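Letter 248 of the sequence shown, counting from 1, is numbered 258 in this note's numbering, and no numbers are missing.
Everything labelled a hint here was simulated from the structure, so no lab data went into it. Small disclaimer: the values here were computed from a predicted structure and weren't measured. Any given hint could turn out to be false.
With a cut-off of at most 20 angstroms between alpha-carbon atoms, the simulated EDC-like pairs for lysine to aspartate or glutamate come out as follows [stated by the list, open to error]: (1) Lys168 <-> Glu372; (2) Lys168 <-> Asp59; (3) Lys273 <-> Asp57; (4) Lys273 <-> Asp59; (5) Lys83 <-> Glu341; (6) Lys168 <-> Asp57; (7) Lys168 <-> Asp76; (8) Lys168 <-> Asp377; (9) Lys168 <-> Glu237; (10) Lys273 <-> Asp76; (11) Lys83 <-> Glu339.
Derived Cβ-Cβ restraints for the label pairs, each shown as a range [as the list claims (entries may be wrong)]: (12) Gly90 <-> Leu142: 25 to 33 angstroms; (13) Arg499 <-> Arg141: 32 to 40 angstroms; (14) Ser432 <-> Glu237: 46 to 54 angstroms; (15) Tyr328 <-> Leu486: 28 to 36 angstroms; (16) Leu486 <-> Phe262: 50 to 58 angstroms.
Every residue, glycine too, gets a C-beta built ideally from N, C-alpha and C.
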Amino acid sequence: MELLLLLVGSWAVTALARRVDWPAPLVLTAVGIGVSFIPGVPEFGLDPDLVLLVVLAPLLYSAALDSSYLDIKANIRPIGLLAVGLVLATTAVVGLVAYWVVPGLGLAPALVLGAVVAPPDAVAAVAIGRRLGLPRRAMTLLTGASLGNDATALTAFKVAVAAAVGGSAISWGDGLVTFLVAAVGGVAVGLVVAVVVHAVRLRVGDGALESALGLLVPFGAYLLAEEVHSSGVLAVVVAGLYLGHNAPAAGFSTRLQETAVWKSLDVLLESLVFALIGLQVRTAVADADPGWDLLGASAVVLLAAILVRFAWMFPAAYVPRWLFRRIREREPAPGWRQVTVLGWAGMRGVVSLAAAAAIPLEMPGHDVVLLLTFVVTVGTLLLQGMTLPALIRRLGVRDAGEQERALAEAQVQNNAARAAVSRLEEIVGSSAVPEHLAARLRALAEHRGNAAWERLGRQEEESPAAAFRRLRREMLSAERAEFVAARDRREIDDETLRRVQRELDLEEAALSRE
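Please work from the sequences and hints to get the whole structure.
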């Protein structure tokens, strides 16, 4: 019952935040913090394995499905610097700072803290970036890094915990071997799962069954990878990228259903995650019982976690370009404004939460590390998350390539319309097709081709395509009302109404896309 209330409450806060156009993750975190200090509110304990499997795996899979394999491939170098280099640098720097400023905290537990808070969670940053129109490459770097940095951080976390609990240092060689085995194994498992699932889907021919199989992919890929001691996170990401890239080969009903299902699941899981982050604060504070010295040290650790990202971002963006001519030729020059925005978009989230819950109780400094984790997670979410929109507006970082992409889309849409008409003429020439039917199909193809061009410029008056959509929606609404009235008069049954309504809904969805 408590979990149900938490889900319903998280959904309600998200709905309210969207209604007033506020960043839902930040509102959920703030509300969760406030609710956690209300007397009588139960403590929500976290099983880290459950969080990683039930929450993180589907969220990463959904993000991978929506990501562009080609864009990530084209930006693999900067994404690798963020997903691997920045995570390891953050682990080391935050760990050393915590070791220096937190009284009584050993080096190994401090490095555990560094690994826990190293991976940023791009959910909030991507939501803000999409709403404000961040450049496409910036969005690719954010999402691409978020898909890979979790595996790096969790591997570093396992090595650091082993050193902290075992009492003996693990060599860099052992740590590197652990990381390589986890990475290679995770990629291999993800590819195998994706190839098998894709092959099965092409032969099923049933949209509902194909969508149901897709729901099993993140959990299956994660569990299989963990079973062979590799990275379940990477397996999920690779499977999602492969299936998303090959989605055009699936049926249209599969794509429609899968998109709707994953968008709904994303909302629910993201709401739950950020509410839980806020609700954990009271427990973390009570367990650590911090004094002023620890609170001051927490502020220093938070500052270090924020600054190390900036200290990494600018050299990583410019030094390779200065050193290698090939990079200058292949990649566009990043502006300092865009680098600044990416540096400020380092909010922590669900991975840090799950990793903190997985810290063994017998580790020295357990409660202190837990408190510092929540300070960094909540601090970055609220401080950076609340100021990121203002920073984007202030620096004027906008997607300058939107017009070019719209032009390319219009050109391809025009070519597609010509190909459709050409194919129609071939069929008309080889078989008896009524001329009125052929004329209607030609007009439909021409309308789709013209609509893309009309979207390019601002129209002072309503364009023909816009008028077509408006009038067709009115016609669809009238058809739908007539069928509902016929159902209510018992002239048709509900099954007939649902079948016709789906046809009308699909056409209206196509109009909305145009």
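Hints, one by one, checked against the model:
Restraint check: the Cα-Cα separation between Lys168 and Glu372 comes to about 15 angstroms, which is no more than 20 angstroms; the hinted pair holds. Using a Cα cut-off of 20 angstroms, the hinted pair Lys168 and Asp59 holds, with the two alpha carbons roughly 13 angstroms apart. Our distance criterion of 20 angstroms between C-alpha atoms is broken by Lys273 and Asp57, whose separation comes to about 25 angstroms. The hinted pair formed by Lys273 and Asp59 fails the criterion: a straight-line CA distance of about 23 angstroms is larger than 20 angstroms.
As the CA atoms of Lys83 and Glu341 are separated by approximately 12 angstroms, the hinted pair is consistent with the 20 angstroms bound. Annotation: proposed proximity of Lys168 to Asp57 holds, straight-line Cα distance about 16 angstroms (limit 20 angstroms). Between Lys168 and Asp76 the alpha-carbon distance is near 29 angstroms, which puts this suggested pair outside the 20 angstroms criterion. Taking the CA atoms of Lys168 and Asp377, the gap is near 18 angstroms; set against the 20 angstroms cutoff, the hint holds.
Using a Cα cut-off of 20 angstroms, the hinted pair Lys168 and Glu237 holds, with the two alpha carbons roughly 16 angstroms apart. Distance check on the hinted pair: Lys273 and Asp76 sit about 10 angstroms apart at the alpha-carbon level, within 20 angstroms; holds. Straight-line distance between C-alpha atoms of Lys83 and Glu339 comes to about 16 angstroms, which keeps the hinted pair within the 20 angstroms bound. Taking the beta carbon of each, Gly90 and Leu142 are about 26 angstroms apart, inside 25 to 33 angstroms as hinted.
Checked against the hint of 32 to 40 angstroms, the pair Arg499 and Arg141 fails, with Cβ atoms roughly 45 angstroms apart. One distance hint, 46 to 54 angstroms for the beta-carbon pair Ser432 and Glu237, holds here, with the actual separation near 52 angstroms. In this structure the hint that Tyr328 and Leu486 lie 28 to 36 angstroms apart at CB is violated, the actual value being about 53 angstroms. Here the CB-CB span from Leu486 to Phe262 is close to 19 angstroms, at odds with the stated 50 to 58 angstroms.
Consistency with the previously given hints fails for numbers 3, 4, 7, 13, 15 and 16, ordered from lowest to highest.
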